[in-house]
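2 protein chains.
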Amino acid sequence: MRDEELAELGQQLRVDSVRVADAAGSGHPTSSMSAADLAAVLLARHLRYDFQDPDNPANDRLIFSKGHASPLLYALYKAVGAVDDEELLTFRRLGSRLEGHPTPRLPWVDVATGSLGQGLPVGVGMALAGKYLDQVPYRVWVLSGDSEMAEGSVWEAVEHASYEKLGNLTLIVDVNRLGQRGPTRHQHDLDAYARRLRAFGWHTVEVDGHDVEAVDKAFTEAVQVEGRPTAVIAATRKGRGVAAVEDQEGKHGKPLPDAEAAIQELGGPRFIQVDVQAPPPARAPSGRDQDRAELPRFEPGSAEATRTAYGRALAALGSARGDVVALDGEVSDSTRAAYFKKEHPDRFFECYIAEQQLVAAAVGLQARGWVPFASSFAAFLTRAHDFVRMASVSRAGINVVGSHAGVAIGEDGPSQMGLEDLAMFRAVHGSTVLYPCDANQTARLVSAMADLKGVRYLRTTRAETPVIYGPDEDFPVGGSKVLLRSDDDRATIVAAGTTVHEALRAADVLASDGIPVRVMDLYSVKPVDVDTLNEAAGATGCLITVEDHHPEGGIGDAVAEAFSDGRPVPRLARLAVRNMPASAAPEEQLHASGIDAESIAAAVKLLVEQTVVP
Amino acid sequence: MRDEELAELGQQLRVDSVRVADAAGSGHPTSSMSAADLAAVLLARHLRYDFQDPDNPANDRLIFSKGHASPLLYALYKAVGAVDDEELLTFRRLGSRLEGHPTPRLPWVDVATGSLGQGLPVGVGMALAGKYLDQVPYRVWVLSGDSEMAEGSVWEAVEHASYEKLGNLTLIVDVNRLGQRGPTRHQHDLDAYARRLRAFGWHTVEVDGHDVEAVDKAFTEAVQVEGRPTAVIAATRKGRGVAAVEDQEGKHGKPLPDAEAAIQELGGPRFIQVDVQAPPPARAPSGRDQDRAELPRFEPGSAEATRTAYGRALAALGSARGDVVALDGEVSDSTRAAYFKKEHPDRFFECYIAEQQLVAAAVGLQARGWVPFASSFAAFLTRAHDFVRMASVSRAGINVVGSHAGVAIGEDGPSQMGLEDLAMFRAVHGSTVLYPCDANQTARLVSAMADLKGVRYLRTTRAETPVIYGPDEDFPVGGSKVLLRSDDDRATIVAAGTTVHEALRAADVLASDGIPVRVMDLYSVKPVDVDTLNEAAGATGCLITVEDHHPEGGIGDAVAEAFSDGRPVPRLARLAVRNMPASAAPEEQLHASGIDAESIAAAVKLLVEQTVVP
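These protein sequence lines map, in sequence, to chains D and E.
Counting from 1, position 370 in the first sequence corresponds to residue 392 in the working numbering; the numbering is continuous, with no gaps.
Counting from 1, position 349 in the second sequence corresponds to residue 371 in the working numbering; the numbering is continuous, with no gaps.
Chain D extracted, bound-state conformation (with noise of 0.2 Å):
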């Protein structure tokens, strides 16, 4: 395409956004209108692409992680034929693909964006399977606005992409100076990224984002530049082309005032079709065997930590599976994620102290195929908790793994507790949440895992419990198991991981004081098993929850909710941690926090003399 129609084409570009954004009644036109050039010389120039198969895998990839500017990207694919102009107009619409930010319910969106700082992340990991896993030259492209510079998951993936040389990202900064209320820190100071940026590793080209001639260049340099990342760091106008808006405050996410007018302004509609360069032929991807895997088996009566079986049940998994990719936060001796780096070290990703990072990485990497597992403890994991909230919108499906959960950990205190992981993970749409007891259960869980769909967590413990579950014992998912019951139960003790063991010392107690009950390892958290927890409720009219958590959000909430469907609820009461923790020994962590052995049993009693006998 010659230079005088890319800047006809990024004027189509400009008067599509105007047309939908004016169509819909809302969505972000100026936005768009500055990255118009930036994205036409893009499209017609470097991006290698086959739009009629989103599933070649030898496709660059291409981020809006300014996902406001929708308007434009679909003004691209309407530039390419992949969407009509009917369609094009259904833009926010109940129904329509054309969703306000994208999403992959469009085929060629591979990650939900509209958090603004997630692109780039997301993109270091697409990046990292190009680079080390898939081996295809492909490239990854990321669209950001200048805004989002200031979120601290941009730097992190910024010093990962530099220190992994991904020679194959290129970051384009549509700098338009103007954030949603106002002009941004740096305005036009294409230099303050730059700096900030070389200071990282990274290449950098400032450029004037409305010369289309200067900004294929400046693309050109970035793809040759080889061995590290590069930014091409344009000035553009907000609202460019229209005098209007350009340029001008109060201008932002809104369309344009009068959009028949601006249309004129920009010149009227344009009819360019793109050819789109197609991508290289592709190899086969090669290394994704699966096995059936050989799990590792635990003794029972014997004891071990549920994150030491965590990490040798990943391990294995590594062996019978070429897609299974770890990655940690430099704590993988902690959650033993170790243990698979050790024997797959080409398919691990230290992603050291940065969890946004860690679970953007995961994402990039499960939308390039691969099934990626996500370690870090538990308390820290909530630093991902928006990446976790988009990768669902993303459909994204990745393993999250949290260690050291509760107040078990003992003496390192309350900082390192994860005491509020089941409410952020239950509260996670489609997400599947596990949390074993034992070794044999673990393992079974991490196999299991691996084929679900959506978010899955399984969070792990940092001792040594009791092994109770021999190595072949089967655990579905959405399941649970009853450890003990008798047609006499009094009550139902409902628990999960540490919990479980304190509950069945309970029980024994309470055995011995003539008090029967049932004991229940609610190992799914959700779902949960809605089932048996109702035939519990039938047989002995209470439960009683007890976690090693926060009271809200985790298993006593999960119990509950198998309860929400307007039939008869029993008799509930939830154990769970409501202090605020300090240093102590495990043990006396337990008891301080009511839920160990002692505590359940007391509260049993309670309960069981407040029960009408049925």
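Errors might be hidden in some of the hints.
All copies of an identical chain are treated as equivalent in the list; a pair is satisfied when it fits inside any one copy or across any two copies.
Below, in silico cross-link-like pairs of lysine-lysine (DSSO-like), each with a Cα-Cα straight-line distance of 27 Å or less [said to hold, decoys possible]:
| no. | residue 1 | residue 2 |
| --- | --- | --- |
| 1 | 364 | 276 |
| 2 | 475 | 276 |
| 3 | 273 | 364 |
Treat the hints as calculated values from the structure; they're not laboratory data.
For chain D, the structure is supplied; the task is to place chain E on it using the hints.
What follows is chain E alone, placed relative to chain D:
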């Protein structure tokens, strides 16, 4: 103190660090030993602090961002006579103030640390207070590890500190080369850190962290530099002084193998007492008068968005109270914090798109006695989850306000919808969660929350909603409002925020179908009004919750938790957002998620048909 004594003091701090970890059987002596000389010089020559009067407003602030170096911090407290040797050796024991990671149970600790990358962002908040509000020349010293420089939150703070010209802030980076499980990315490349920090506008000094004269000079330089923050980047050796551990991998987070030999190698115990410089005389804090706020009044029957009521109420609160400050994450036009900014620009802090820094600055400000309100979209507050969690461990009193809650925002789509925020804030220890449905209620709750303890969260709505309460109505925290009731109610609809209005419409429909229902406005989601819920349960037999939030962790769980004390439980049903929303108009969204009036009415009918009339 003479230079030779400084070096001796460093050795004393090492010896005490070794001793406490040995006594405890756990802890991080090697991470303490690397920073011992830095800490000795700071304490003896530069810190201005009255340990007898930790509330002295002129005291410097010292934050151990590397909270695992708590043995060093406590050894400092011993060296100044604040803690005696007997207490020192209670480290990590049940009941001891000397926790594994520092918390404000100690009067000299402003904020808890232990989740890395938080000390600097919180320090920025304190430095903002010092420079712009308190106008007291205290200095803020942050001791950071090198590993934690990978956290994005650090770079949010680096950018913010430079932008705000915080010459009163010094970051000391203890570059001991080794993280938990191995070398850091940059090992002893001090310039890698310095280059990055300089690119962000910081003054930097590189120094041998074991050369006390050089360190002294570096701190002197840091204090002299005006108008920008300084980083002292110090090359150190982990485990310095004991050959068995010095600069070696695998020695993180455990006592030394032979403490007695190590103490000998360090030259044995010393008994140096340090006279710390007193702070300069402080002016009495000014500008913190408190009058009764003239809250905005809204006409019942009119319509207003609760976010607008928030902004107006906050501005009014700011007029009445000199201690109220506001912060926002570059969306103040949307959250309506802009109303406060307009009236009180000197007490408004723009944090740009950096939600971790937003919440951290609030924590820093409250540590200096200010009452901060930090706002962003509810969805994006998930970005700051770990900071909210640690705020709770810090016993911090902060107000956090999330706008654009739920599917009710409409066309922008799921990336912008807060659908997990209630779960996140409920699960924080000691938190308060408020969710008003009208403008007058919002104003009253904004005023009330300012005086509460702990983390207070207010959820606001984008769209206008009917004003249903009078401006003088009272809304106690922990209360609720019964909006409709009769003696014949067949069910209770429990709603909050957006769904209150849907519930009232549903009740109209049901009434005309001969099914009278009770409607409760559960504006206080935590603490929840157990008494009124119990009364409704007794009177109507079944409760149906309706919320613009995922089913987990929100209003449904809050209501279920009210019935988790072993007493009889009513029938329960919950309506919540179980789908993955897309773009659509607000009313279409409510319908698609099954939480509009029509869906509520249908669900109540189903529930009532199942219920045996009492």
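Going down the list of hints, with the structure as the test:
1. Taking the closest pair of Cα atoms, residue 364 and residue 276 come within 27 Å of each other only across two copies (23 Å); inside a single copy the shortest separation is 53 Å, beyond that limit.
2. In this assembly of identical chains, residue 475 and residue 276 lie within 27 Å of each other by CA distance neither inside one copy nor across copies; the values are 36 Å within and 39 Å between.
3. When the C-alpha separation of residue 273 and residue 364 is checked against a cutoff of 27 Å, the pair qualifies only between copies, where the shortest distance is 19 Å, while the shortest distance within a copy is 54 Å.
The structure fails hint 2 only (numbered hints given earlier).
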